[in-house]
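Undergrad: Sequence:
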Amino acid sequence: MSDVKRYKPVGGVVAAELYAVRGLASPAQMVAGGGVAVELCDAGSSYTETFSVDEGRVRVEHRLVLRADISRAGAWFDEEFVARCGDEGVAARFTLASGETLVAGWSPRFGFEQALRLRSLALRSGTDALDAPHAELELASDDTSRAAAADSLPAAD
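First residue of the sequence shown? That's 1 in the numbering used here, and the numbers climb one at a time after it.
Honestly, the hints are just simulated from the structure, not real lab data. Note that CB positions come from ideal geometry on N, CA and C, so glycine has one too. One should not assume that every hint holds.
[What the hints assert, rightly or not] Here are the computed distance ranges between Cβ atoms for each label pair: (1) THR127 - VAL58: 31 to 41 Å; (2) SER52 - PRO108: 34 to 44 Å; (3) GLU80 - GLU113: 13 to 23 Å; (4) ALA25 - PRO133: 32 to 42 Å; (5) PRO133 - ASP54: 21 to 31 Å; (6) ALA28 - PHE51: 20 to 30 Å; (7) ARG63 - THR127: 28 to 38 Å; (8) GLY111 - ASP131: 34 to 44 Å; (9) GLU55 - THR127: 36 to 46 Å; (10) ILE70 - GLU113: 29 to 39 Å; (11) GLY74 - ALA97: 37 to 47 Å.
Put together the whole structure using the sequences plus the hints.
TA: Structure, rendered in structure tokens:
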């Protein structure tokens, strides 16, 4: 993201770090710098939670879309990272423009069993003259509860 902003961000995701779930026992082990972090574009990243009920069971779909300049998104295209995102999944610690930090891919009920998994990874040329070429990573998971606020997570064991 650019250092000088002449506006106040309203919505979207401003920073995210993705952690391989293999070997993680709790979200307290998701320490800053221990995952894959890519500088995000000023616009285009988002997080969505969609609640639905099927036969009396609540389902929450978590969807994290991260957008970065192609020159900064190399870590997302690492073969091992892509395989991990599709197979084992990842957990994400991310910050919204509102300042709230959330964790997705972990829940009190399921732990890391319902990790975020790769839905798509795309290189996009942009749609108009002001839309720069970028990479877009989409991760999703299903769970039964909202993403956890990072400041409400259990302490390290």
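Undergrad: Would you list, in rising numerical order, the hints stated earlier that this structure does not obey?
TA: Failing hints, ascending: 2, 5, 7, 11.
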